[in-house]
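There are 4 protein chains.
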Amino acid sequence: MASYGKDKEDLLKRLRRIEGQVRGIQRMVEQDKYCVDILIQISAIRSALDNAGLILLEDHTRGCVAKAIRNGNDEADSAITELTEALKRFVK
Amino acid sequence: MASYGKDKEDLLKRLRRIEGQVRGIQRMVEQDKYCVDILIQISAIRSALDNAGLILLEDHTRGCVAKAIRNGNDEADSAITELTEALKRFVK
Amino acid sequence: MASYGKDKEDLLKRLRRIEGQVRGIQRMVEQDKYCVDILIQISAIRSALDNAGLILLEDHTRGCVAKAIRNGNDEADSAITELTEALKRFVK
Amino acid sequence: MASYGKDKEDLLKRLRRIEGQVRGIQRMVEQDKYCVDILIQISAIRSALDNAGLILLEDHTRGCVAKAIRNGNDEADSAITELTEALKRFVK
Numbered sequence: 001m002a003s004y005g006k007d008k009e010d011l012l013k014r015l016r017r018i019e020g021q022v023r024g025i026q027r028m029v030e031q032d033k034y035c036v037d038i039l040i041q042i043s044a045i046r047s048a049l050d051n052a053g054l055i056l057l058e059d060h061t062r063g064c065v066a067k068a069i070r071n072g073n074d075e076a077d078s079a080i081t082e083l084t085e086a087l088k089r090f091v092k
Numbered sequence: 101m102a103s104y105g106k107d108k109e110d111l112l113k114r115l116r117r118i119e120g121q122v123r124g125i126q127r128m129v130e131q132d133k134y135c136v137d138i139l140i141q142i143s144a145i146r147s148a149l150d151n152a153g154l155i156l157l158e159d160h161t162r163g164c165v166a167k168a169i170r171n172g173n174d175e176a177d178s179a180i181t182e183l184t185e186a187l188k189r190f191v192k
Numbered sequence: 201m202a203s204y205g206k207d208k209e210d211l212l213k214r215l216r217r218i219e220g221q222v223r224g225i226q227r228m229v230e231q232d233k234y235c236v237d238i239l240i241q242i243s244a245i246r247s248a249l250d251n252a253g254l255i256l257l258e259d260h261t262r263g264c265v266a267k268a269i270r271n272g273n274d275e276a277d278s279a280i281t282e283l284t285e286a287l288k289r290f291v292k
Numbered sequence: 301m302a303s304y305g306k307d308k309e310d311l312l313k314r315l316r317r318i319e320g321q322v323r324g325i326q327r328m329v330e331q332d333k334y335c336v337d338i339l340i341q342i343s344a345i346r347s348a349l350d351n352a353g354l355i356l357l358e359d360h361t362r363g364c365v366a367k368a369i370r371n372g373n374d375e376a377d378s379a380i381t382e383l384t385e386a387l388k389r390f391v392k
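Chains as they are written, first to last, in my numbering: chain A, 1 to 92; chain B, 101 to 192; chain C, 201 to 292; chain D, 301 to 392.
Watch out, some of these pointers could steer you wrong.
Said to hold, decoys possible - Dumping the calculated PhoX-like pairs for lysine-lysine here, alpha-carbon to alpha-carbon at most 25 Å: (1) Lys288(C) / Lys388(D); (2) Lys267(C) / Lys188(B); (3) Lys333(D) / Lys206(C); (4) Lys188(B) / Lys208(C); (5) Lys167(B) / Lys133(B); (6) Lys88(A) / Lys288(C); (7) Lys267(C) / Lys113(B); (8) Lys233(C) / Lys313(D); (9) Lys313(D) / Lys88(A); (10) Lys13(A) / Lys388(D); (11) Lys8(A) / Lys106(B); (12) Lys106(B) / Lys288(C); (13) Lys208(C) / Lys267(C); (14) Lys108(B) / Lys33(A); (15) Lys188(B) / Lys133(B); (16) Lys188(B) / Lys33(A); (17) Lys388(D) / Lys233(C); (18) Lys67(A) / Lys388(D); (19) Lys67(A) / Lys6(A); (20) Lys367(D) / Lys388(D); (21) Lys333(D) / Lys67(A); (22) Lys333(D) / Lys213(C); (23) Lys367(D) / Lys308(D); (24) Lys67(A) / Lys8(A); (25) Lys208(C) / Lys288(C); (26) Lys233(C) / Lys288(C); (27) Lys188(B) / Lys333(D); (28) Lys33(A) / Lys133(B); (29) Lys167(B) / Lys213(C); (30) Lys367(D) / Lys88(A).
What the hints assert, rightly or not - Rough simulated footprint, nothing fancy, chain B against chain A, three-plus residues with beta-carbon under 8 Å: (31) 9-18; (32) 32-41.
The set of hints was computed from the structure by calculation and includes no laboratory data.
Even for Gly, the Cβ is constructed at its ideal location relative to N, Cα and C.
With the hints as extra help, turn the sequences into a complete structure.
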């Protein structure tokens with residue numbers, strides 16, 4: 001089971017909703033809807049993606065990273081380096 | 101025609117690719133793939149969305165906002181206020 | 201006068217407050233304060249900077265960009281391209 | 301010693317440079333410099349702050365969070381919840 005096991009259904013529900021939102025924007029573009037309304041929808045999807053990402057980050061820290069730390073220094077080091085790399089992609 | 105008329109096909113292509121990426125992440129979650137690999141995909145979608153948003157913002161400024169400015173002060177004022185509100189959603 | 205003329209004093213006040221916040225964080229680091237408290241302060245400075253940036257962006261659009269648009273297509277084009285480049289730095 | 305002990309001097313150097321950059325922007329505003337040049341400087345400070353924040357986040361995880369995880373489940377839980385809260389401020 002992945003670290004996000006307990007949130008798996010919640011994550012899938014969020015991702016399906018995001019997929020629906022992306023299809024909704026495609027329709028808006030096809031129908032020449034007003035740019036600012038589309039921009040507002042894009043920001044909403046970005047927030048929804050960030051929220052899904054944060055759930056994964058939390059589960060990952062609570063699961064994989066915590067386990068690596070308990071397994072000793074070498075594993076801990078590489079798990080935390082990997083976590084930090086993942087964080088950088090989100091912050092920047 | 102909307103301000104993004106000339107980029108309509110490009111935008112639709114980008115949004116369809118984003119939809120495919122979101123479906124790809126759903127599969128990764130269903131198959132209990134490694135959290136960090138999913139996080140990297142989420143960051144990639146965020147970038148792709150930002151790029152689509154920036155195309156819309158540029159087209160909107162070049163189209164609707166420029167037209168409002170040419171139409172005189174009152175229209176210009178409300179168009180720029182609206183643009184700034186849209187920017188805030190992207191920056192924050 | 202720059203496009204941000206009417207907000208000049210407000211911007212300077214904000215920037216002086218940000219300078220004070222940055223010095224406050226230096227003291228926290230010198231005194232080995234708790235990492236999370238420092239991180240919270242860093243996020244606060246980031247928000248304050250974003251707000252200053254948004255004021256500048258709005259003033260710039262209302263001032264320089266609007267003027268360029270009124271001056272005709274060539275000037276408008278390069279002003280909007282430049283604005284979009286500035287936006288990209290903020291969004292990414 | 302704080303979790304960021306080994307990076308303390310590096311962090312202080314970064315924060316002093318950021319303080320100098322903020323003062324530089326104040327001068328630019330006082331001298332009515334071009335808005336876009338100021339915006340570019342603001343983006344540069346934001347990046348510099350993000351980098352300082354990422355160093356703190358990494359040190360915090362490697363130090364405080366790892367220690368809490370080694371100390372058992374209760375402490376681990378609250379340390380990871382706190383870390384996630386700090387992350388949210390950075391991502392959003």
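- Message: Holds or violated: Lys288(C) and Lys388(D), Cα atoms, limit 25 Å.
- Response: Roughly 22 Å separates the two Cα atoms, so the pair holds.
- Query: Do the alpha carbons of Lys367(D) and Lys308(D) lie within 25 Å of each other, as the hint requires?
  - Reply: holds (19 Å)
- Item | Restraint status (C-alpha distance of Lys388(D) to Lys233(C) at most 25 Å) | holds (21 Å)
- Task: Compare the distance between the alpha carbons of Lys233(C) and Lys313(D) with 25 Å, and conclude whether the hinted pair is satisfied.
- Result: holds (17 Å)
- Message: Next pair to validate is Lys88(A) with Lys288(C); report whether the Cα-Cα distance is within 25 Å.
- Response: holds (18 Å)
- Item | Given pair status - Lys106(B), Lys8(A), alpha carbons within 25 Å | violated (40 Å)
- Restraint status (C-alpha distance of Lys167(B) to Lys133(B) at most 25 Å): violated (49 Å)
- Item | Check of the region 32-41 of chain A against chain B for coverage (Cβ-Cβ below 8 Å, three residues minimum) | Check passed, 8 qualifying residues.
- Under the criterion that the straight-line Cα-Cα distance not exceed 25 Å, is the pair Lys188(B), Lys208(C) satisfied? holds (20 Å)
- Query: Okay, the region 9-18 of chain A and chain B, do three or more residues pass the C-beta test at under 8 Å?
  - Reply: Result for this restraint: holds, n = 5.
- Query: Under the criterion that the straight-line Cα-Cα distance not exceed 25 Å, is the pair Lys267(C), Lys188(B) satisfied?
  - Reply: Within the cut-off at roughly 23 Å; holds.
- Task: Below or equal to 25 Å on CA atoms is what counts here, so check Lys188(B) against Lys133(B).
- Result: violated (35 Å)
When held up to the earlier numbered hints, the structure conflicts with 5, 7, 11, 15, 21, 26, 28 and 29 and fits the remainder.
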